[in-house]
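> Spelled out, the chains give:
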Amino acid sequence: MSQTTIEQEAPQAPPTKRQRQAARIAEAASGSIRWMLLKILLLAIVDAIALYAAFVLVTHQEWLVLGVVLVVAVLVNWIYFSRRRIAAKYLTPGVIFLILFQVFTLLYTGYIGFTNYGTGHNGSKDQAISSLMASAQERVEDSPTYPVTVVERLGTLGLLVTDPDDGEASVGTNDQPLQDAPDATVEGGRAVAVDGWTTLSFAQVISRSSDIEKISVPFSDDPNDGAIRTPDGQNGYLYVSTLQYDAAADTMTDTRTGTVYSDTGVGAFTAENGDQLLPGWQITVGLDNFVRAVTDSSIRGPLISVTLWTFVFALISVASTFFLGLLLALVFNNTRMRFRNGYRILLILPYAFPAFLSALVWAGMMNESFGFINQVVFGGASIPWLTDPTLAKVSVLIVNLWLGFPYMFLVCMGALQGIPDDVNEAAAMDGANPWQIFRRIKLPLLLVTVAPLLISSFAFNFNNFNLIYMLTGGGPRFTDVSIPVGHTDILISMVYKVAFTGQTRDYGLASAFTILIFIVVAVISIVSFRKTKALEELN
Amino acid sequence: MKVNKRSIAAFGAITVLTSLALAGCAGGSSDDKSSDAGAKSGKLTVWVDAERVDALSGAAKAYEKKTGVEVDIVGKDVDTIKDDFIQQVPTGKGPDITMGAHDWLGELSTNGVVAPIELGDSSKDYLPVALQASTYDGTTYMLPYAVENIAVLRNTDIVKDPATSFDDMIAKGKAAGLAQPFVVEQGKDGNPYHLYPFQTAFGAPVFGTDDEGSYDPTDLQLGSDGGFEFANWLSAQGKAGTLNTDIDGEIAKQQFIDGKAAFWLTGPWNVGAAKDAGINLAIDQIPSPTSEVASPFAGVKGFFVSSESKNKVAANDFLVNYIGTEDVQLELFKAGNILPALTAAADTAASDPIIAGFQKVGADAVPMPAIPAMGAVWEFWGVAEAAIINGADPKATWQKLVDDVTAAIK
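Residue numbers (this note's numbering), protein chains in the order written: chain F, 1 to 539; chain X, 540 to 949.
The set of hints was computed from the structure by calculation and includes no laboratory data.
As the structure is a prediction and not an experimental result, all values here were calculated from the model.
Please note: incorrect hints may appear among the correct ones.
[As the list claims (entries may be wrong)] Listed below are the simulated DSS-like cross-link pairs for lysine-lysine, each with C-alpha atoms no more than 27 Å apart in a straight line:
1) F:K125 with X:K605
2) X:K849 with F:K214
3) F:K214 with X:K949
[Stated by the list, open to error] Examples of chain F residues lying across from chain X (beta carbon under 10 Å, computed):
4) T119
5) G120
6) A128
7) V205
8) S209
9) I212
10) S216
11) Y237
12) F339
13) G371
14) T387
15) T472
16) S482
17) S525
The beta-carbon is built from N, C-alpha and C at its ideal position, and this holds for glycine as well.
Input sequences plus hints: build the corresponding full structure.
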């Protein structure tokens with residue numbers, strides 16, 4: 001290059017568009033070609049997976065999900081190939097996570113809360129109809145087993161049936177009742193082929209499973225004689241149907257009693273007297289679940305005492321664990337203490353144990369006649385730790401204290417170390433005693449850091465299902481209500497029992513309850529966080 | 540280029556997850572291959588509890604060789620298999636066949652997730668109790684493979700002879716110097732399954748039966764006179780300490796293994812533990828507190844066909860004509876040590892004296908009701924019994940139980 005060209009460019013003229021483009025490419029190239037390659041590789045993997053997912057989704061005709069996958073894939077490519085959108089590059093993964101695991105779950109729970117989803121209302125109406133029709137097939141009493149062969153003519157499937165008594169063969173289809181087929185080939189007592197029909201091989205029978213299921217060859221012109229069906233393609237049985245579906249009127253008729261069941265909009269075929277045919281199907285029921293949650297007489301009674309206990313449990317748990325944790329943190333923060341680290345490790349142990357396991361161990365230790373506590377600590381006394389209503393509540397609180405204080409201890413420890421020593425010194429110089437220093441200086445400073453954690457701890461304990469379920473199972477049971485709820489049940493364990501125990505599940509009601517609990521926790525948290533803002537201003 | 544490498548990596552991982560999850564939602568898992576049977580003869584997906592995967596995989600391979608139908612055995616957690624089945628079948632994702640217990644039947648059929656099964660002429664080859672248990676509302680839904688019931692395990696080193704009655708059992712144990720001769724699994728919420736033989740001895744089944752021998756939910760027998768006699772007996776046993784709600788399954792096992800108890804009312808699933816502890820066992824009839832026979836519940840295990848299966852023909856063929864054979868039933872017996880449901884296989888298995896003992900007790904067993912109304916009974920039954928054992932007034936508590944159950948069934 002010559003000297004002159006450099007001199008010509010030296011004056012700081014604004015770069016032309018092409019120059020800027022060139023500079024950008026240069027920058028990108030020089031920046032790090034390896035990262036560029038890595039980026040392309042990762043995006044390629046992502047796109048490949050998205051493509052695979054799209055392919056699978058197309059075969060399953062899941063158009064909505066397919067749309068979402070495609071939009072996300074395109075968006076992601078656009079964001080990461082773009083030169084700007086730095087913010088988006090950081091936010092996208094988080095936002096995808098948020099939508100997938102939080103927003104979707106939340107909306108879905110909300111949606112279920114407005115449906116009758118539960119036992120007996122599990123699928124779609126079509127499934128309910130086909131299931132009802134299938135179970136309404138009743139084998140004609142004392143009818144024999146007919147060896148059958150599946151045959152086909154002009155695309156219509158039929159059955160070649162051998163009468164087990166006289167060995168005579170006959171053939172028929174859905175529309176054509178059985179007709180004698182005297183010229184059939186018989187092998188080992190089973191007619192296997194007949195002129196004019198193609199015999200299906202076993203593999204063909206299996207691969208046309210759903211067609212075989214639909215074959216129902218009338219035994220004679222009289223429909224009351226029933227029809228031959230074959231569940232396994234080899235043996236046929238004579239069935240009569242006890243239900244008849246009228247697609248036009250959308251009704252089910254019981255052929256024995258003549259009762260007509262129609263779709264009255266409650267998610268099941270219902271007779272005039274209110275009898276329902278189950279399975280029914282899933283429908284949206286509006287606010288019914290919410291109304292039931294607060295008005296159902298069997299739920300309303302215990303709901304009040306359970307709600308009260310939930311608040312008591314959560315508040316005492318937070319307070320007791322916090323104060324024990326704080327006390328220990330203050331003690332171990334004292335530099336004159338020897339073997340501090342050893343003690344600290346010991347204190348953290350309960351926290352390192354899985355909580356549900358600890359609860360189980362405690363339940364064993366609190367057993368009235370065989371437990372460690374009564375046997376060893378109280379010398380064989382029989383104290384009903386988990387079976388007396390009051391003691392059971394105390395036990396729950398004690399165990400939760402044991403489980404929860406290490407966390408508070410850790411938190412307070414950290415917060416205490418964040419308070420500068422000169423604050424203490426200044427206070428001491430002013431003549432404050434240790435209690436005053438703690439009360440007026442350390443605690444307020446501590447609360448600024450710890451208060452949000454106390455709120456989240458409250459929310460956690462409000463829904464501390466593990467502990468209750470593993471320790472007492474909610475027991476001892478209330479004796480005066482007719483749902484299986486007990487003295488130590490908190491809202492979430494009560495929801496579990498109402499909705500999931502026994503053989504009737506009610507996911508709709510459970511979701512409605514969950515939404516109500518969510519609202520309670522959310523309101524408390526919002527109010528509390530507002531309050532803690534005031535604390536910060538104090539700083 | 541100012542793209543942070545970590546953000547790329549994170550984003551990559553997340554998108555992978557997202558697409559997989561979304562594809563998973565739509566059913567991109569292997570289960571689905573069963574539904575698009577094309578040129579191949581088809582494929583069956585079978586859910587079994589994890590312990591029996593090995594026992595079935597031999598049968599699955601043999602079946603594949605014979606018919607060309609691929610059988611995919613998937614091990615599932617026993618505790619979640621029923622709920623997963625109920626939830627997945629309506630979405631079309633579930634298996635073609637699942638292993639399960641007969642008392643699921645009410646729930647499965649109310650949810651419309653099981654298809655009827657036709658045992659045909661082979662039905663008479665099964666133990667009557669197994670066949671009865673597989674039938675719900677007049678329709679057979681399950682291919683049974685094993686029958687399970689409780690019996691009394693006796694430590695022959697402590698007590699030589701079987702007890703003739705409940706009181707005799709306690710007396711024999713006390714004579715041998717035991718403080719707690721008899722243990723049975725209870726717990727703070729009771730355990731009515733294990734107490735049921737005593738209840739039947741007082742002539743108080745849970746439900747009466749209709750003409751066809753099916754349980755009739757409208758005929759609650761809990762509240763019969765026998766029920767109240769049984770409640771009184773429970774109260775007396777609670778006071779005497781022969782029944783104790785503090786004894787849960789683990790404690791009962793420990794007491795028996797330690798030789799602190801000579802009699803243990805439990806099922807075949809605990810025989811292994813007792814044998815491993817080196818205890819000489821005998822299996823006895825359940826000693827009755829009355830002159831009547833003490834009949835335990837029989838639980839029957841079997842296979843269900845999904846109502847949404849796209850391969851019902853193959854599924855029926857696999858179950859009825861293959862799992863229903865003596866060889867396969869014996870194979871399954873070896874994996875679980877529970878009495879096979881097929882009579883021929885059961886007789887072969889009974890060459891083992893322990894199995895023979897359970898089989899003998901099982902002759903008196905009644906199938907556990909599978910009707911949905913039973914769910915309501917379970918919810919209150921154990922707690923009421925536990926309360927009576929712990930000293931609550933037997934008459935009032937039992938009456939409350941009857942009232943609660945009646946209200947819940949209505």
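> Take the hints in turn and mark each one as holding or not.
Taking the hints in turn, this is what the structure says about them:
no.	hint	result
1	F:K125 with X:K605	violated (38 Å)
2	X:K849 with F:K214	holds (12 Å)
3	F:K214 with X:K949	violated (37 Å)
4	T119	holds (6 Å)
5	G120	holds (5 Å)
6	A128	holds (6 Å)
7	V205	holds (6 Å)
8	S209	holds (4 Å)
9	I212	holds (5 Å)
10	S216	violated (14 Å)
11	Y237	holds (6 Å)
12	F339	violated (37 Å)
13	G371	holds (8 Å)
14	T387	holds (6 Å)
15	T472	holds (8 Å)
16	S482	holds (5 Å)
17	S525	violated (28 Å)
In summary, the structure is inconsistent with hints 1, 3, 10, 12, 17 from the numbered list given earlier, while agreeing with the others.
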